[in-house]
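Asker: Quick note, the sequences are listed as chains A and B, same order. Heads up: the first sequence at position 239 corresponds to 239 in the numbering used here, and the numbers run straight through without jumps. Heads up: the second sequence at position 97 corresponds to 97 in the numbering used here, and the numbers run straight through without jumps.
There may be inaccurate statements among the hints.
If several chains are the same, the list does not tell them apart, and a pair holds so long as it fits within one copy or across any two.
[As the list claims (entries may be wrong)] Below, computed lysine-lysine pairings styled on BS3-like, alpha-carbon distance capped at 27 Å: (1) Lys-120 / Lys-365; (2) Lys-203 / Lys-120; (3) Lys-365 / Lys-110; (4) Lys-365 / Lys-189; (5) Lys-110 / Lys-249; (6) Lys-110 / Lys-120.
Keep in mind that the hints were calculated from the coordinates and are not lab data.
2 protein chains.
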Amino acid sequence: MTTGSIAAEVLAIGDELAQGWNVDTNSAEIARELLAIGARVRRFTVITDERPAIARAIAEAAARSEVVIITGGLGPTDDDLTREGAADALGVELEFVGSSWAAIQDRLRKRGRPVPESNKKQAYRPAGADTIVNENGTAPGFVFSLGRARFFALPGVPREMRAMLRDSVLPEICKLFPNAIKPVRRVLKCFGAAEATIGEVIKPWMAARDADPLVGITVSSAVHTISILSNSAARADAAADAIAASLGKLVFARENASLEEVVARKLISLNLTIACAESCTGGLVASLLTNVPGVSAALLEGFVTYSNEAKTARLGVDPEILRSHGAVSAECAAAMALGASARAGSRVAVATTGIAGPDGGTAAKPVGLVWFAVAFDGRVETHERNYAGLERNFLREIASREALNLLRLAIAR
Amino acid sequence: MTTGSIAAEVLAIGDELAQGWNVDTNSAEIARELLAIGARVRRFTVITDERPAIARAIAEAAARSEVVIITGGLGPTDDDLTREGAADALGVELEFVGSSWAAIQDRLRKRGRPVPESNKKQAYRPAGADTIVNENGTAPGFVFSLGRARFFALPGVPREMRAMLRDSVLPEICKLFPNAIKPVRRVLKCFGAAEATIGEVIKPWMAARDADPLVGITVSSAVHTISILSNSAARADAAADAIAASLGKLVFARENASLEEVVARKLISLNLTIACAESCTGGLVASLLTNVPGVSAALLEGFVTYSNEAKTARLGVDPEILRSHGAVSAECAAAMALGASARAGSRVAVATTGIAGPDGGTAAKPVGLVWFAVAFDGRVETHERNYAGLERNFLREIASREALNLLRLAIAR
Chain A
1 MTTGSIAAEV
11 LAIGDELAQG
21 WNVDTNSAEI
31 ARELLAIGAR
41 VRRFTVITDE
51 RPAIARAIAE
61 AAARSEVVII
71 TGGLGPTDDD
81 LTREGAADAL
91 GVELEFVGSS
101 WAAIQDRLRK
111 RGRPVPESNK
121 KQAYRPAGAD
131 TIVNENGTAP
141 GFVFSLGRAR
151 FFALPGVPRE
161 MRAMLRDSVL
171 PEICKLFPNA
181 IKPVRRVLKC
191 FGAAEATIGE
201 VIKPWMAARD
211 ADPLVGITVS
221 SAVHTISILS
231 NSAARADAAA
241 DAIAASLGKL
251 VFARENASLE
261 EVVARKLISL
271 NLTIACAESC
281 TGGLVASLLT
291 NVPGVSAALL
301 EGFVTYSNEA
311 KTARLGVDPE
321 ILRSHGAVSA
331 ECAAAMALGA
341 SARAGSRVAV
351 ATTGIAGPDG
361 GTAAKPVGLV
371 WFAVAFDGRV
381 ETHERNYAGL
391 ERNFLREIAS
401 REALNLLRLA
411 IAR
Chain B
1 MTTGSIAAEV
11 LAIGDELAQG
21 WNVDTNSAEI
31 ARELLAIGAR
41 VRRFTVITDE
51 RPAIARAIAE
61 AAARSEVVII
71 TGGLGPTDDD
81 LTREGAADAL
91 GVELEFVGSS
101 WAAIQDRLRK
111 RGRPVPESNK
121 KQAYRPAGAD
131 TIVNENGTAP
141 GFVFSLGRAR
151 FFALPGVPRE
161 MRAMLRDSVL
171 PEICKLFPNA
181 IKPVRRVLKC
191 FGAAEATIGE
201 VIKPWMAARD
211 ADPLVGITVS
221 SAVHTISILS
231 NSAARADAAA
241 DAIAASLGKL
251 VFARENASLE
261 EVVARKLISL
271 NLTIACAESC
281 TGGLVASLLT
291 NVPGVSAALL
301 EGFVTYSNEA
311 KTARLGVDPE
321 ILRSHGAVSA
331 ECAAAMALGA
341 SARAGSRVAV
351 ATTGIAGPDG
361 GTAAKPVGLV
371 WFAVAFDGRV
381 ETHERNYAGL
391 ERNFLREIAS
401 REALNLLRLA
411 IAR
């Protein structure tokens with residue numbers, strides 16, 4: 001049986017997208033969310049902010065799909081024309097919505113901003129459409145029907161789009177199609193595996209186009225998200241169990257949680273305190289941990305010791321270690337972690353020191369070399385990684401996750 | 001005259017794209033490359049690997065555009081159907097190309113690989129099409145004409161697509177349209193303005209859709225990028241100058257540079273040293289600065305003083321300040337910046353302290369309140385911002401850029 005029985009498509013509107021200045025990531029996110037409630041996206045279209053093009057694309061989609069999500073073109077500037085294009089496709093005028101204008105003014109005033117007249121444009125919607133409230137921005141969305149399709153117009157700002165999709169759009173689609181088969185979704189999150197390794201493990205599930213379970217995989221900052229969709233909870237669980245068993249310790253969550261959430265929650269639940277000592281990651285490990293609400297119960301402080309002097313003054317790293325082994329060494333990483341733990345008075349500490357590039361590498365210590373250390377109750381372990389060939393910032397993104405993952409494995413023991 | 005006079009579009013084919021597991025980045029890259037040679041992409045379409053859908057999308061594009069770039073669906077597996085879909089749209093059969101098959105076999109053998117029979121599929125093309133050689137993979141592309149359009153079918157693998165686009169496709173388009181005008185691009189980057197404010201300033205240039213210059217705007221973490229395209233360098237410069245003059249200090253760069261790059265380069269060029277003292281941003285300011293290669297010349301260290309104890313122990317914040325004003329106050333921010341500067345021995349320091357939420361707010365100090373301080377040679381200035389309504393992580397993203405921007409303004413004086 002096919003997973004995803006409702007015919008859906010996505011329409012992304014914006015010159016900046018069509019001209020290629022921004023990559024449209026909304027459509028892919030929407031497609032994944034729709035699939036989870038039984039709607040299969042078969043087409044995305046990205047078009048410019050041109051009123052006739054918008055109207056035409058809406059009319060085409062109305063003939064093809066049952067659910068159409070539109071993103072973008074709801075801003076306050078003259079080139080935001082999704083409202084106008086939708087009205088043209090519907091053959092109606094725009095109507096002013098007083099409650100939307102009040103909400104826009106209220107939002108801007110609360111943030112101490114002036115209320116430019118141009119924002120008034122955002123309080124209009126095609127006559128007969130209903131408003132979708134936007135809790136995170138000034139652009140309300142709207143919903144209307146045309147042909148066989150229900151259209152949902154949302155802002156292009158991912159954060160705003162995401163909240164409105166979750167809070168308003170997906171629930172309404174579920175209500176409109178009560179008999180749609182909602183595939184069950186299981187998620188496995190992994191860190192530290194090569195794509196080909198994960199590919200081999202999930203291969204048996206990827207053979208057929210309309211297979212059930214349908215297994216998909218995405219990767220971001222070396223974190224793999226394996227998504228398992230099935231019309232049957234038992235089949236989804238069996239596949240998730242089998243894949244998780246093959247991947248072992250690589251799996252850090254069986255839900256849609258980030259590495260920092262998993263680590264912070266574990267620290268809090270074990271009543272452990274932590275400090276971070278960072279050189280090449282420059283504060284990224286601490287800042288990932290502080291993404292998690294409530295982390296102040298565990299995170300005491302972070303030391304960004306970029307210079308050798310700071311490593312010695314702040315963490316007590318022996319200058320002799322820096323002289324004989326260098327700042328990028330197991331010895332220095334270990335001294336940083338132990339020093340951070342001692343100075344902050346934390347039971348756990350994690351340290352990073354490496355060569356992010358593009359310069360600073362040598363034959364013995366090439367660009368991409370990073371040493372990690374985790375101290376736990378005065379004992380310390382060190383780990384070496386080589387990220388040769390990765391661009392500086394991508395290296396730092398991955399190295400900071402590697403630090404969190406080593407932390408996860410250390411406190412799980 | 002219109003910037004980008006050749007009407008172009010992109011068609012990306014693949015289940016993994018349409019289901020949202022992979023984000024299509026090829027189309028945006030192709031759009032930027034085409035614009036640089038005078039071809040304006042007005043639409044991308046992403047569709048599944050379904051033969052009738054591919055044929056239909058090709059027929060639709062043939063009626064709309066002069067140049068169409070197709071990516072994906074040229075692999076050796078059963079679900080790669082771009083060849084078949086194109087043949088259907090053309091009303092022709094597939095033809096076997098001996099030289100392509102020889103090249104595929106040769107490539108696999110040279111890499112010590114077996115030659116699976118399934119790869120033979122890749123040696124077919126629609127009858128009457130011409131082959132585009134692929135130096136980086138087994139999938140040759142092909143080129144054909146339908147309606148008013150010239151179609152170029154390329155593999156979906158970005159590295160293979162990119163080389164074929166550059167070496168074969170762009171040169172052929174330039175030959176086909178010898179009179180196309182290649183536009184120039186100017187960029188302005190701004191921080192600290194509301195979208196509507198910037199909208200007001202650029203409004204005169206956004207009146208006509210096919211205006212020259214063509215002005216576009218994108219926003220990411222409260223950083224606005226204004227893009228100015230023109231067929232004339234003089235017109236592009238004039239528009240950039242006028243917009244920059246209206247926006248004044250909001251403009252932090254007239255090139256595609258990030259806020260952290262601008263600040264780090266300025267610190268380095270002025271021979272200034274800096275330290276960061278972060279509470280609510282949790283290391284993000286330091287980690288943004290360390291994005292910039294060579295920043296070690298300026299950045300001495302960062303203090304992530306999440307707890308009150310750390311603020312006192314590490315930065316020397318007087319406990320009396322914490323008692324009488326609280327950690328989120330002008331007084332505490334100033335003491336943090338002065339303390340960081342004194343402890344690290346830096347001429348400049350920046351400090352952040354705020355309530356990122358979702359909990360911890362009070363009536364007097366609501367969630368979203370952030371205090372900033374910049375110390376420079378022992379003098380300190382403080383700034384208050386209210387990010388009410390922003391989600392925790394987004395608040396931190398914006399607050400860390402605000403800190404960089406305040407730093408930029410302080411050292412520019």
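Asker: Take the hints in turn and mark each one as holding or not.
Answerer: Going through the hints against the structure:
| no. | hint | result |
| --- | --- | --- |
| 1 | Lys-120 / Lys-365 | neither (59 Å within a copy, 30 Å between copies) |
| 2 | Lys-203 / Lys-120 | between (53 Å within a copy, 16 Å between copies) |
| 3 | Lys-365 / Lys-110 | between (53 Å within a copy, 14 Å between copies) |
| 4 | Lys-365 / Lys-189 | neither (32 Å within a copy, 37 Å between copies) |
| 5 | Lys-110 / Lys-249 | between (47 Å within a copy, 25 Å between copies) |
| 6 | Lys-110 / Lys-120 | within (17 Å within a copy, 65 Å between copies) |
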